[in-house]
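J.: Chains as they are written, first to last, in the numbering used here: chain P, 516 to 797; chain U, 516 to 797; chain B, 516 to 797; chain Z, 516 to 797.
Check before you lean on any hint, since a few could be wrong.
The list cannot tell twin chains apart, which means a pair is met if one copy fits it or any two copies do.
Said to hold, decoys possible - Straight-line Cα separation of at most 25 angstroms, DSS-like style, residue types lysine-lysine; simulated pairs:
id, residue 1, residue 2
1, 709, 604
2, 793, 612
3, 612, 566
4, 754, 612
5, 759, 612
6, 566, 709
7, 598, 612
8, 554, 785
9, 554, 604
10, 709, 612
11, 759, 536
12, 709, 686
13, 724, 666
14, 759, 724
15, 598, 759
16, 566, 604
17, 536, 604
18, 536, 566
Please keep in mind that the hints were generated in silico from the structure rather than gathered at the bench.
Number of protein chains: 4
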Amino acid sequence: MLKGLTSAGLGEFKDINSFIKLASRYGFQAIDTDSEAIKCFIESEGTAGAKLFLQEHHIEIVAMNLPVEWRESEEQFRNDLPKLVEAAKSAFDVGCKACTTYILPSTDYHSAQFMAVATRRLRTCAQILHNYGIRLGLEFVGPHHLRTAWKNPFIWDLQQTLDFIEAIGEKNVGLLIDAYHCYTTNLSNESLTKLSADQIVHVHINDAKDIPVHELLDNDRLFPGEGVIDLSGFLRALKAAGYKGAVSQEVLTATAPTEPIEGLLEKSQKAYTTIFKKAGLE
Amino acid sequence: MLKGLTSAGLGEFKDINSFIKLASRYGFQAIDTDSEAIKCFIESEGTAGAKLFLQEHHIEIVAMNLPVEWRESEEQFRNDLPKLVEAAKSAFDVGCKACTTYILPSTDYHSAQFMAVATRRLRTCAQILHNYGIRLGLEFVGPHHLRTAWKNPFIWDLQQTLDFIEAIGEKNVGLLIDAYHCYTTNLSNESLTKLSADQIVHVHINDAKDIPVHELLDNDRLFPGEGVIDLSGFLRALKAAGYKGAVSQEVLTATAPTEPIEGLLEKSQKAYTTIFKKAGLE
Amino acid sequence: MLKGLTSAGLGEFKDINSFIKLASRYGFQAIDTDSEAIKCFIESEGTAGAKLFLQEHHIEIVAMNLPVEWRESEEQFRNDLPKLVEAAKSAFDVGCKACTTYILPSTDYHSAQFMAVATRRLRTCAQILHNYGIRLGLEFVGPHHLRTAWKNPFIWDLQQTLDFIEAIGEKNVGLLIDAYHCYTTNLSNESLTKLSADQIVHVHINDAKDIPVHELLDNDRLFPGEGVIDLSGFLRALKAAGYKGAVSQEVLTATAPTEPIEGLLEKSQKAYTTIFKKAGLE
Amino acid sequence: MLKGLTSAGLGEFKDINSFIKLASRYGFQAIDTDSEAIKCFIESEGTAGAKLFLQEHHIEIVAMNLPVEWRESEEQFRNDLPKLVEAAKSAFDVGCKACTTYILPSTDYHSAQFMAVATRRLRTCAQILHNYGIRLGLEFVGPHHLRTAWKNPFIWDLQQTLDFIEAIGEKNVGLLIDAYHCYTTNLSNESLTKLSADQIVHVHINDAKDIPVHELLDNDRLFPGEGVIDLSGFLRALKAAGYKGAVSQEVLTATAPTEPIEGLLEKSQKAYTTIFKKAGLE
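Just chain P, with the same shape it has in the complex (with noise of 0.2 angstroms):
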């Protein structure tokens, strides 16, 4: 697995260039990032200079948002669609082979007839992303506030989202899977060795407080090895499923960060060492 990193819970960089430099000094092999970011990216590279950047760096861009609002009106997501395509494009030619999205795990839309829409939306975002060798991971949402923070319940967990997964129908679509969310939906490691290796696309870790789980926030999130999570063993259960991916950081928390990102940088290194080590991952 590559040791990645988004930028969550690190606070704002100037540019891509600086993201990847930081990465790359403190051992991460991996970037998530956004579309825009990729293509302001090759705006001031060049393809070519953006790919030897990464190259230079030993980094690999694994991951890229959806840039789609598929979750709202039917003109916002045709509005929208020019921009994935200009996006994918882009995230193909600098290597990236994964976009992601979460899922909100409830809605002001009626809950069946959004499932339907939905169905439809994300299929024609996978249909898109797979003319570029792009997959699409979707990330269920595990927070139990979150469940009730729109009129309707929507969906949360491993099963309801393989459900959608096989709703959509499309061969490149697949999980995003965070840790804090397995967590906060009671998700076993032993459920996620039964997956196999194509049903993951990307993968997430952070932590959690030591508090009763349904009081869990999702923007209160830990930096990995702080909190309760189990890890090791959740990569340990990763890597029994086939996982030979990327797990990126991503560490969302209600304020930015007061302390300095290389102070950051350093005790995520520390702890990916220690998880992985300790998951029996070199």
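Here the structure of chain P is known, so what remains is to put chains U, B and Z in place on it, guided by the hints.
T.: This is chains U, B and Z only, laid out in the frame that chain P set:
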């Protein structure tokens, strides 16, 4: 449009042959039936004999029910699929080109997850039927009491069903439009005119008591012309949409009819003549 | 059916506005155009202005060409997809609901493999268009000389194209039926009557010289009524199939016309009147 | 990887029970069989009995043939589909998760059109199998003489088959990779390493005579280790691609073997041990 009959409201028939004979005698051109009856029909008459019998009586079998339970366990669904393939083959052999199923407005399953599961299952059914040139018609069910008959709301109106059809995503899936369900969901005839002909797989007519719409029960329907639904307007709207298929009477009632069937059919025949004439249909 | 025009055979137009004005002046109700022209139209008039201009001239844009090269390298295909999404959005904005592409009857690629590749690529195009309510019409190309113009035979007749459409498997894909290609593949009008309306996305008419069918060249067509094709029978057959869309004149010729455009349009207007009348169309 | 057997090259077995017993006795862990044999197995042993028999002999049924003729008439295809659903259900009941079919390199049909038809038909098969958790493996067939055995060329190499799989477009379709076909299409082991594990449904091994590649006949194969194919390199390449499934021996020969089966199996067992060891597989 063809004048059609289901057996609902008419009582039991000894066999499909009797049904065909009576439908023919009272001026109907089409019947709906179930897949089991088609199977028995072919077993008793042979394929050529069955087709000849239909021809001699100027009757087409225009629709059969979907012989698959797609609303319960995965095991039951899996076990029912062989029946579907057999039924599709038999339907093909007697020229039946539509298969229909109704959607219950509520469910004991989680609404959004059940929509995902139902999308996949009905897609499979549609894919199998497509190989036999058979379309799948989905019937939304309007009566209000059924929206809370099970734990969670599912779907019950036109737009929701169109979204469901898009989620399924197969070209041979469309609507079964039933006058009672249009009436109980306050669907205007103008909305029907905006459909395109290929979105409509089949049509049912019947009538509603003169009580508040939200009090109408699903199995308390009247014969066409005996209630308050503007059936001529309904057919005129479907004609404007380009629909040219069959319109079958379906009168669900709580108890079996007490009148002799000949009387019921004579009544239906007259009602059809009146309604078709008023709708400008020959 | 709507009387439509493509610019083929009429010479160059300054801009789409001129084309619309002339089409309107000579009694036409629809035009085909290319996606680039729609884009310029919207850029110069604004979306609202463009729609108003069309309304004022009682003209609909009924078809645009597919702005994607799906017959060559994967790279070119990938690079063209962003253009398709932009074109689809523009077409949606001016109410254009069909996109068309022609199939060359031979290919330098391996025949069977190219069919597999083309199936996937056109499926992607159809999927994108579907989100904008646009159908994709595939035009088979009949002239015999093109069957050996490249190394290996591909497809050129109705049944092959229907099989191609089934392989693509998307609900919004159908036929562009061109009178010249029907004539050069000896397709009977009776065969056309057996199509269903939803299989036909668009129709082209033109005429053929009185020489042996296998000698007819693709770019040596005549104006409707000047040759040997029974165009009234052709339209009658399409009417019998339920087709209600536009019929656009497309006269491919080796050299630009020398007559002034007004004369050509007057000629076409008269021919359309005659042919439509004889076909029983108003 | 599991050591597997097909019956090809071993002669006739009285029943699947005998095959399972012998496979087990000679150190194999898996067998391929046909759907008819699975059906008889379940009829004679019951589902629970069949599963127990397999468990007691430490044998998995890893693949069955596709019981559908997809290369001939539409009628035959339609008539075979019920068999497929029954076979899928039986396979599901005994834990068999792959179904395989081979692609003949030439056809009496029009090449491109046949590809379109085959794409639709195999898509239907895949869709049915998917509901039972079964994958469909397509086997390209390399021997040169078969490329001209029928009128028109079809497909015979890896890339063509991958394009076919993409045209089919279902997530549960992948490759059956056979060492003989890789050898006769000059496919390098390096090319195999570039596949991803989920593209490979099943693997066959066998060996080739030391004659020019283009002279090798399809039904003139040797037992593993007796010919010139680098089978260890082949398996090492598949391992590098992440393949973890079964590798079944398939020795097609013109005439039935004359040696007693015990001798043949002992020979195969030894060959497997040598090849697996050399490939770094336990």
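J.: Measure nothing new, just compare the shortest in-copy and cross-copy C-alpha distances for residue 566 and residue 604 to 25 angstroms and report within, between, both or neither.
T.: within (14 angstroms within a copy, 32 angstroms between copies)
J.: For residue 793 and residue 612, with the copy left unspecified, which applies at a CA distance of at most 25 angstroms: within, between, both, or neither?
T.: neither (28 angstroms within a copy, 34 angstroms between copies)
J.: I want to check one pair: residue 554 and residue 604. Are their C-alpha atoms no more than 25 angstroms apart within a copy, between two copies, both, or neither?
T.: Both. Shortest intra-copy (9 angstroms) and inter-copy (22 angstroms) distances satisfy the 25 angstroms Cα cut-off.
J.: One pair to classify: residue 709 and residue 612, alpha carbons no more than 25 angstroms apart. Within, between, both, or neither?
T.: Cα proximity of residue 709 and residue 612: in one copy and across copies (24 angstroms, 15 angstroms).
J.: Which holds for residue 536 with residue 566 at a C-alpha limit of 25 angstroms: within a copy, between copies, both or neither?
T.: within (14 angstroms within a copy, 51 angstroms between copies)
J.: When no copy is specified for residue 566 and residue 709, does a C-alpha distance of 25 angstroms or less occur within a copy, between copies, both, or neither?
T.: between (36 angstroms within a copy, 21 angstroms between copies)
J.: Checking residue 759 and residue 612: alpha-carbon separation at most 25 angstroms within a copy, between copies, both or neither?
T.: both (14 angstroms within a copy, 23 angstroms between copies)
J.: For residue 598 and residue 759, with the copy left unspecified, which applies at a CA distance of at most 25 angstroms: within, between, both, or neither?
T.: Neither, since 30 angstroms and 35 angstroms both go past 25 angstroms.
J.: Within, between, both or neither: how does the pair residue 759, residue 536 come out at a Cα-Cα threshold of 25 angstroms?
T.: Answer is within: at 24 angstroms inside a copy they meet the 25 angstroms cutoff, but 37 angstroms across does not.
J.: Since the copies are identical, ignore which copy is meant and state whether residue 612 and residue 566 lie within 25 angstroms (CA to CA) inside a copy, between copies, both or neither.
T.: within (14 angstroms within a copy, 40 angstroms between copies)
J.: Can you tell me if residue 754 and residue 612 fall within 25 angstroms by alpha carbon in one copy, between copies, both or neither?
T.: For residue 754 and residue 612, the Cα distance is within 25 angstroms both inside one copy (20 angstroms) and across copies (22 angstroms).
J.: How would you label the pair residue 724, residue 666 (within, between, both, or neither) given a Cα cut-off of 25 angstroms?
T.: Neither: 27 angstroms inside a copy, 35 angstroms across copies.
Hint check: violations occur at hints 2, 8, 13, 14, 15; the rest are consistent with the structure.
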